[in-house]
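Now for the letters of each chain:
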Amino acid sequence: MSGDANETVLRILSRLPMATPDASRSERVRARCHTVLARRQRRAMRAGNRARPAPRALELALGGFCICYVSAVILEALWARGIL
Amino acid sequence: MHRDLELEIVHRLRAGDSTAFDAVYAAFNARLFSFLVRLSRRREVAEDLLEETWLRLVAHAGRLRPETRLGPWLFTVARNLHVSYCRSRLLEESHTAGLIGLWPFEWPRPSPFEETAATEMERRIESAIASLPSAYREVLLLVGIEGFLPAEAAAVCGITPEALRQRLSRGRALLLRRLETDGHPVVVLSEVMT
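Chains as they are written, first to last, in my numbering: chain H, 1 to 84; chain E, 1 to 194.
For the record, the hints were derived by calculation from the structure and aren't laboratory data. Where hints are given, some of them may not hold.
[What the hints assert, rightly or not] For each label pair, taking beta carbons as the anchor points, the in silico distance ranges come out as:
hint	chain 1	residue 1	chain 2	residue 2	range
1	E	Asp48	H	Ala47	55 to 65 Å
2	E	Glu67	H	Arg43	56 to 66 Å
3	H	Gly64	E	Leu64	36 to 46 Å
4	H	Ala61	E	Ala151	54 to 64 Å
5	E	Ala135	H	Thr35	51 to 61 Å
6	H	Thr35	E	Leu64	48 to 58 Å
7	H	Arg40	E	Glu67	44 to 54 Å
8	E	Ala59	H	Tyr69	47 to 57 Å
We treat Cβ as the ideally placed atom computed from N, Cα and C, and that holds for glycine.
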């Protein structure tokens, strides 16, 4: 097939009109996609909020444990020396 | 779509931005529908596959790679959905044929494009496209109508660039033959459509 004929075929194809889908269905699809995106965004935000307090709680628990441990050591030492 | 804008839209889509989705939707909805309706030859099937394509995009939005090219991505999904649809239909028909003992047979119906083509010339061209085997039709639609580069179209179809070049060349030759069978040289068609 000649190059001219090739070009002609492609030129004909490029001029064909575009089809338009049903407008009301398109709107429904768009709205459905928006709902999915919004749900995903909410879930991501919730996951983000939940992710933040976790290290803070861990810090508090660790701090509490250290205070208890040090207090127990001091009490033990005082008791061993007969102060208490 | 300009590449910088596309990258920005992908970035926003990954974050779930609905206005970014609207931009993609406006740019590709009619194009995807035209592609699907010419591929499937059925308006209702094209509408269903189009809806599924958009739902796949929003479902995968968070996992899109930052450098994703939206056009090839969407057309790949649409094309794969059509392939799956054809496979399931073939399976369904073979089951039905087994049950009723008849070979599935369906008269080729005019495609929606053929029915609504504005001119006789457009109708003839749409009819010639619709009569091509699916493998040739899809590459002609992607390169000839959608303007994809051969390498992009090859990626959409899941074939090598060499295989695409062969399909494109055979598809064009076949289309040309079909257009000229009723005695109208393709050059005349081209002039009429100008």
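Here is how each hint holds up against the structure:
no., hint, result
1, Asp48(E) - Ala47(H): 55 to 65 Å, "violated, 33 Å"
2, Glu67(E) - Arg43(H): 56 to 66 Å, "violated, 25 Å"
3, Gly64(H) - Leu64(E): 36 to 46 Å, "holds, 44 Å"
4, Ala61(H) - Ala151(E): 54 to 64 Å, "holds, 56 Å"
5, Ala135(E) - Thr35(H): 51 to 61 Å, "violated, 37 Å"
6, Thr35(H) - Leu64(E): 48 to 58 Å, "violated, 19 Å"
7, Arg40(H) - Glu67(E): 44 to 54 Å, "violated, 21 Å"
8, Ala59(E) - Tyr69(H): 47 to 57 Å, "holds, 50 Å"
In summary, the structure is inconsistent with hints 1, 2, 5, 6, 7 from the numbered list given earlier, while agreeing with the others.
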